[in-house]
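One point on numbering: in this note's numbering, the residue at position 486 of the sequence shown is 510, and numbering is uninterrupted.
Honestly, I wouldn't trust all of these hints.
Taking CB as the label site, the calculated pair distances span [claimed, not checked]:
1) G818 with T749: 14 to 20 Å
2) E632 with I122: 47 to 53 Å
3) E531 with M78: 49 to 55 Å
4) V69 with K544: 54 to 60 Å
Capping the alpha-carbon separation at 30 Å, the derived lysine-lysine pairs in BS3-like fashion look like this [to be verified]:
5) K903 with K839
6) K518 with K397
7) K785 with K803
It should be emphasised that the hints constitute simulated quantities derived from the structure, not laboratory data.
This structure is a prediction, so every number in the text was calculated from the model and none was measured.
The beta-carbon is built from N, C-alpha and C at its ideal position, and this holds for glycine as well.
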Amino acid sequence: MTQTNTLQEYAKLSSEDSLAKINSSKNGLTDQEVQKRLEKYGKNVIATTQKQSMLKTFLTNFTSMMAILLWIAGFIALLTGTPELGIAIWLVNVINGIFSFWQQYRAQQATSALQKMLPSYVKVIRNGQANKILAADLVPGDIVTLNSGDNIPADGRLLTADSLEVNQSSLTGESTTVNKEIEIQTEEALKSAGKYAEANLVYEGTSVVNGSGVFVVLATGMDTEFGQIASLTTSVTDVKSPLQKELDILTRQLSIIAIGIGILFFIAAVFFVGYPWPKAFIFALGMVVAFIPEGLLPTVTLSLAMAVQKMAKKNALVKHLNSVETLGETTVICSDKTGTLTKNEMTIEKVWLPESSYTVSGTGYEPNGIVKKGDKRIDLSQEKDLLQLLRIGSLCNDSAIEEKNDHYQLVGSPDEGSILILASKADYDLSDEQKNYPRKSELPFDSKRKRMSTIHTHNNQQYVFTKGGITEVLSSCQSYLKNGQVAPLDDTLKNQILTQNDHFAKEGLRTLAFAYRPLKPNEELTIENCEQNLIFVGITASQDPPRENVIEAIQKCHDASIRIIMVTGDYGLTAESIARKIGIVKSDDVRVITGDDLAAMSEATLKENLRHEVIFARVAPEQKYRVVSTLQSLGEVVASTGDGVNDAPALKKADIGVAMGITGTDVAKEAADMILTDDNFTSIVNAIEEGRTVYNNIRKFLLYILNSNMPEAIPSLLFLLSKGTIPLPLTVMQILTIDLGTDMLPALGLATEQTEAGTMKKPPRKQSEHLLTKQIIIKAFGFYGLMASFISIGAYFFVNHLNGWPAVALAANGKVYLMATTMTLAAIVFCQIGAVFNCRTEKQSLFEIGLFSNKRILGGIIFEIILITCLMYLPFLQKLFGTTGIQLKDWLFLICIPLPLILIEEIRKKIIRSH
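Generate the whole structure from the sequences, applying the supplied hints.
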C-alpha cells in the first residue's frame, strides 16, 4: 500500500469489498487489532529530513577553507615569535564561527516556529463506537469520519459521501475543488481522471471543503502519497552554495598570492640582503600572514547576517546564511501558479447574460469592488435578469465568507465563495433573500451530471435553482430569461452561449452557468423531474487573481535578466492566460508543455524548449524536479517556489527553494532554503536584490583590504631591492596592525552598505566570474594601492628629509627611525580612510548616497584614528609596535590625505558614468 497504483485497486472495488480486503468493517477495528497494526505500520507521521547535529553544524563554521587558512596563519604567527598576533587571528576565527552558528541557529528556530502540524485529532470508529484520537495513532483499517473544514489525515477509500468536496491543491497544485463519491471506478475512468483525481479515494494533506463522508484508511505516514513525495526530498544531496564555492576559489587565489610573495621575499632576503636563513624565513612568514585577509570571514558573515535581518523584516525568512548570496545569482525562477503568483482566491471578473454583460472590479474574498454595465455602476433593482442570477448563485450555495480580525476567509468552495462576493459587490441582500426564499431541499452535485440544485419556496410557489457546467446546464434548458420575461431558447442562441463560453476559456476564465424554473404543485423533487425544462439565466467567468505587486515584481525580474518559468498543475490555457496577464510571457512563440508532453520528451528536446519562453502545465511532482534539474545542467542558478507537498522535491533540488509560510505545507517548508512569511512573490525579488547587494559588498571589502597590501609590501620591497640601504620603512608588526586593527572595522562597515542604484538593472553575474577579478586587482594594486604607496613612502622620506637626509644616511634606528616608520604606518591608515569612502560605490557618486550615510564606516574610521593615536602615544604599545609620537605639522599632513584621494576617484567615476 505504498503506491497510487495499489490505492487505485481499491477504487475499482466496492466499499464492502474494500473493507474485506483490508480486514476491517464498518464497526472499525478492535483495540487489540489497532495495537498490532501500530507495531506493523508505525505512527501516522511524515518523517522529516534527518538534520545535522548541533555539534556538527557548530564545527562546520570553523572548517571552511578560509577558516583553515586562518588557523594556519595563526600558527605561522606563533613561529615568527608573535604569539599575540597568532592569538588575535585565532580569536577572529572563533568569534566569526560562533557568530555564523548563532545566525543559523536563530533561522532554524524561526523555521521551527512556522511549522504547522498535520491535524492533531481525528474522529474514528473503533469497537463499534465513535472516538476522538490523535491523528498520529491512525492505522490502516481505521474508519474515519469527515466533515466540512476537516483535514484528511491519511489515504483511504470512501465508504459514504454526502455532497463531499475536497481541496487537493496542496497535493496537485490546482485550486479547483474535487467532488467525491463512493461509486466503483472503472479502469477507463481511472485513466481519464488522472493522478489523485479518483472520485472515491481521499489523500492525506488535503482538506474537506463541503459535505461529509466516511472512509477506511488504506495507508498512513510515509506510505501515503503525501509521504512518498516527501521522501523524494531525502534523495537530494546538499551541495555547496555558489558563495561557498567562490570563497574556496578566493582562498586558493589569495593563498597562492601570499605564499608566492613569501617565497619571493625569502629569496630576496637571503640573496640580496644576506639575511641568515632562519631570520629570512621568519621575515617571509610575516609577509605571508600580512597578505592573508583575516577580516574576510567576519565581513562575509556580517554582510550575510545583515541581509538576513533585512529580509526577515521584508517577510523572507532565510534558513542558511549562504542562501542569501545564492539568491543574488539566480538566473531562473521556477514558480508555481496557485498561491504563489495568484491569491488562490477565485474571483468573478465578468457576468454574461443573453441580453447584457457586466464587468466586476476587485479581487479576492474582500467585498471591495463594484459591478458595472458599460462604464456605469449598476442599480440592481433595474437589472432583473442579473438579480435572478445572483439569487440562484447565492441560494444554491453551501459556502460562506467569514470576517476574522479584519480578514475575510472562505468556508467552503472557492467557486461558491466567488458568487457570494459578486452578490455583495452588486448590493444583493442575501439575508433577506434567504428569508424570502427558504431552502426546502437539495439535489447535491455529482461528477456525472456536473450540476447542483436546491429547492426553495417563495409566496407558496416552489422553485428549483441550478448551477453547474455550461454544457450540462444548457442541455437541460428549453427557454431563457429575457428582461424578466421567459423566451424560447433556440439553437442560434445556444450556439451564441457556447461561443461566449469558449471565448472566456481562451482568456483562461472558468465559467459557471445558472438556470431555474418554477415547479408544479406536488411535483416529485427528484433530479430527473427538477432538472429539466429549465430557464437559462447566464454565465459567470472567474479567475484566481494575481497577487498584489506581482506584475511589478515580475518586471523587475525581466529588468534584472531573470527568467520566470511557470510550472503548475493547472490547465495550460489557464496557465498561459495568467502568465500573459502578469507579464511572465510576452511573445507569440510561447511553448505550453503538459505533463504528458514532458513524460514523452527527450532530454535534448526539453533543453531546446527551455531556451524559449515556456510554461509547464498539468505536471507531476517528479516532473517539476526534472525541469529544475535540466535547467541546472544548462548552467542556470535556479530558484524554485511553491507551497504544496508536490513542490518539495523541486524545492530541495533547486539552488534556492522558496516555500510559502502561510499556505505552505510542512514538507515544503522543510525542503526550502527560504520561507516567505507573507506568501508574496514580491518578497522573492526583494531577497534577490539583497543577495546581489551582499556579493557587491564582499567585492567592495575585497577591494578595500587589497588596497593596503600594496603600501604594506612596497616598503619591504624597497628594503630588499636596496640590499638594506633603505631601512625597513614598515615593520611586520606594523603591517599586521593595519590588517587586524585599523582596517577591520571600516571593512566590516562596507559589509552593511546599502543597495547601489541600478543593481536590479544588471544581469546576474556569470558563474565563471569570480570574486577576485582582473579589474579588482588592477584597481587595488595599480590605482588605489599605487597612490597609497607613493604617499606612505613619501611620508617616510619626508620625515628623514626633515632630519638631514640625503646629506646623512637614512636612519636605521633611534628616534628618527621610529618617527619615519610611524609616519609610514599613519599615512597608510589615512590613505585607507579615503579608500573606504571610495569603495562604497562602484560607479555612483559618493555624494549622491551621502558622505556620512553609513554610520558603521564612520564608527570604524573614528576607531582606527583612536587606535593609531594610542599606538603613537601609549608607552607599552610604542614598545610593542615600534612607534613614537609625532608633531602637529605631521598630523596636519595626515588629515589632508583622504580628500584628494576621494576627489580623484570621483572624477574617475564621473568619466565612467559619462561613457
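To see whether the hints hold, each was checked on the structure:
1. G818 with T749: 14 to 20 Å: holds (18 Å)
2. E632 with I122: 47 to 53 Å: This hint holds: roughly 49 Å between Cβ atoms.
3. E531 with M78: 49 to 55 Å: holds (53 Å)
4. V69 with K544: 54 to 60 Å: 57 Å Cβ-Cβ, so the 54 to 60 Å window holds.
5. K903 with K839: holds (12 Å)
6. K518 with K397: holds (23 Å)
7. K785 with K803: holds (24 Å)
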